[in-house]
Each structure stands twice: as structure tokens, then as C-alpha cells.
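Enquirer: The listed protein sequences correspond, in order, to chains U and Z.
Take my numbering: the last position of the first sequence gets the number 113, and nothing is skipped along the way.
Take my numbering: the last position of the second sequence gets the number 143, and nothing is skipped along the way.
Hints are not guaranteed to be accurate.
Below, a list of computed lysine-lysine pairs in the DSBU-like style, where the Cα atoms sit at most 30 Å apart [unchecked claim]:
id, chain 1, residue 1, chain 2, residue 2
1, U, K15, Z, K74
2, Z, K69, U, K10
3, Z, K130, U, K10
4, Z, K90, Z, K103
5, Z, K54, Z, K100
6, U, K10, Z, K74
7, Z, K74, Z, K89
Some residues of chain Z that are not near chain U, with every Cβ distance over 12 Å (derived) [unchecked claim]:
id, residue
8, A61
9, L78
10, S106
11, S117
If you are wondering where the hints come from, they were derived from the structure by calculation, not from laboratory data.
Heads up, the beta-carbon is just placed ideally off N, CA and C, and yes, glycines get one too.
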Amino acid sequence: NAGVTQTPKFQVLKTGQSMTLQCAQDMNHEYMSWYRQDPGMGLRLIHYSVGAGITDQGEVPNGYNVSRSTTEDFPLRLLSAAPSQTSVYFCASMAAGANVLTFGAGSRLTVL
Amino acid sequence: GENVEQHPSTLSVQEGDSAVIKCTYSDSASNYFPWYKQELGKRPQLIIDIRSNVGEKKDQRIAVTLNKTAKHFSLHITETQPEDSAVYFCAARANAGKSTFGDGTTLTVKP
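Just chain Z, with the same shape it has in the complex (with noise of 0.2 Å):
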């Protein structure tokens, strides 16, 4: 089956500075790749999310990066702000629906 690595485990950054979360897969039929944030106590929630014809998808402060060659995707949030603090998760799908998750970043965005 599918396996996402998601690295760093935490990120600390100065409030306006950059932050990236990478992730990696294991199955080349994977075809979809979102981000979701979830804050203490809440449910998840799709922020961006990125097809595997696309390389590049931008959101405002957020964008994600895909290399289907390397299998590998990641998230950049840009001038950080204090409520970017967040659990942040990407995750692989192939077929439809069963989307597996990688381990989540926790984000602390310092004011």
C-alpha cells in the first residue's frame, strides 16, 4: 500500500519568516496530494491540494511544490502569522477516496 513520510515532526519559526513541510510517497498511481490543517481540538480542514499533472499551485501565503519524478511534495506558507499555528498533514491518494495521511507537522508560528 501507499506510505507518506511527512518531515519535520515540529517547525518553529519567527512570525513573517517561511516555512516548508516535505513529504514523500511510495505509489506511483498516486495521483492526488492535499494539505490539511487542524488546529488543537478541531477537525482537519483541506487548505490547498495539488493534482499530479500540476507542478506548481498557489494560494494566496500558501503554496505546494509536486515532483511526481522524486515522489515527493511539499507545503510553503510565506509571511507566517501567529495563526498558522497548527497541526499541519499532507496525504496520497491512488484510488478513489483512500487517502492515506503522513505523521503531521506541528507549526509554531512565534509572534
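Chain U extracted, bound-state conformation (with noise of 0.2 Å):
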């Protein structure tokens, strides 16, 4: 199992660029999600999944789109990139009735 897979590792985008971060699992878990990093502030939810058709937004969802058209891929849109999007961005996935978050490698993002 390749478990939580994400790309690109790193990306340099210019303001107002659009992008798209990649993310699949090859679990069958239902739940996914994406998480932002930023320096002393921990990890946020931007967005979630618990299931394939069905999103939700998390703490910090502004500039960022999301959708689930199956169970194993969970891609993270830009639509119009900002300097305040230069951040680590992890997905994170998980099975139905289960605890543990298994996350991704990282996608590291700068805006300039």
C-alpha cells in the first residue's frame, strides 16, 4: 500500500495563479481531508470528506475548493493564489468508525 499519496512535493506559484494540490489513498478509507501548516500555528482544517459526493468546510476554507468524485481522490484548488496560501499543506485520511489519521508527505506552496 502506498497509503496517503500527494503531489507536487513543492510548487511556486505566482499571484492570482490557479493549481490544483493532488491527493489519493489507496485504503477505501471514507474520510479525507486537508490541513494547512503555517509556523507556530499548528495544523488547520481548510476542508473535509466522509465519503465520495459529500464535502465540507473546515476552520480556514476561504480560497480553496474541494470535491470527491471518488472514494480515493480528494484534490485541493486554488482558483486564485495568494501570498497568504504560501504555506505546508497535508491531506489526511481515515477509515469509517476508526480514530487514527494517516497523513500525506506534505505539499510545500509558495505564493509570490
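Could you use the hints to bring the two separately framed chains together as a complex?
Expert: Spelled out as C-alpha cells, the structure:
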């Protein structure tokens, strides 16, 4: 099993550009989520999904869109990147009825 | 929503000493409290967790205690080693999957 796979690992964008961070898991987990991690601020929930076709907002959803068309994939879209979105992004998944989040390796995004 | 506060933000101890990190939470519905360790440049990894029906849990050199009445829980690391140096995060969860994290504690263990 590959676990949770995130791509790309690094990305540099200019203000106003759009991009998609990819997240895929091969564990058949129902729950998937996106967090951003900024220095000194821990992990903040952006969006999450409890199953295919279902998404909901977390603490800091503004500027981000998600979709969950399959159980395996949960892409995070930035429609118009801003410098405030410079951060490390983590995707995580969890099986239904379980407790443990499995994190991807992270994607470091810099917006100039 | 849930609010989790974590203290201290940095902690430096001598090798062999104990380290204690404390967290408080606000939502009385929270019933699951994990602790994650994150080494530099790596992903967070679960090291220990506790459910609300348990007051204490131990796994070798690490232990977690929970006081539901006071809404606080703590991580205890005994006989610290240099490889324990990392950022530690507490979290609290009420609804399935929605974990709220503390801001992290940078632990440095000096040889």
C-alpha cells in the first residue's frame, strides 16, 4: 500500500495563478481532509469529506475548493493564489469508525 | 467550534529528564484526544491517544492523562532522549474526522 500520496511536493506560484494539489489514498478510507500548517500555528482544517460526493468546510476554507468524485481522490484547488496561502499542506485520511489519521508527506506551496 | 490550547510552545530539557506538555479544549463533546510527533520536514505521526472514558494511558516512556471535568489532557515523556526532539501536537475530536489541533510544542532534548 502506498498510503496517502500527495503531489506535487513543492510548488511556486505567482499571485493570481490557479493550481490543484492532488491527494490519493489506496486504503479505501471514507474520510479525507486537507490541513494547512503555518509556523507556530499548528494544523488548521481547510476542507474535509466523509465519503464520495460529500464535502464540508473546516476552519479556514476561504480561497480553496474541493471535490470528492471517488473514494480514492480528494484534490484541493486554489482558484486565484494569494501570498497568504503560502504554507505546507497536508492531506489525511481515516477509515470509518476508526480514530487514527494517516497523513501524506505534505506539499510545500509558495505564492509570490 | 472546538478550541485547543497547547503549552508551552517551546520546551528544552536535559537528556534523561521528563517533559510534560499540556492542552486544554473547549468542546465538552470531544471524546478522542491524540498526540502527534512531527520531525523536521516530515509528516505528523500518531504517538499515543486516549478516549474520554479513560483517565490515563501509558506506552513505554510516554503517557497521556485526561481530566474531562477540567477539559485538559497532558503528554508525559520520561527518560527523554535526543531522538525525542521534535514538534508535538495535541488534538481533540468530537465529530467523526474533524480534529482540532493545538499550535504545537517544540521539544529539544539536550545531550
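Enquirer: It remains to establish, for every hint, whether it holds in the given structure.
Expert: How the hints compare with the structure:
1. U:K15 <-> Z:K74: holds (26 Å)
2. Z:K69 <-> U:K10: holds (20 Å)
3. Z:K130 <-> U:K10: holds (24 Å)
4. Z:K90 <-> Z:K103: holds (19 Å)
5. Z:K54 <-> Z:K100: holds (13 Å)
6. U:K10 <-> Z:K74: holds (12 Å)
7. Z:K74 <-> Z:K89: holds (26 Å)
8. A61: holds (15 Å)
9. L78: Violated: least Cβ distance 5 Å, not greater than 12 Å.
10. S106: holds (17 Å)
11. S117: S117 of chain Z is indeed farther than 12 Å from all Cβ atoms of chain U, at 17 Å.
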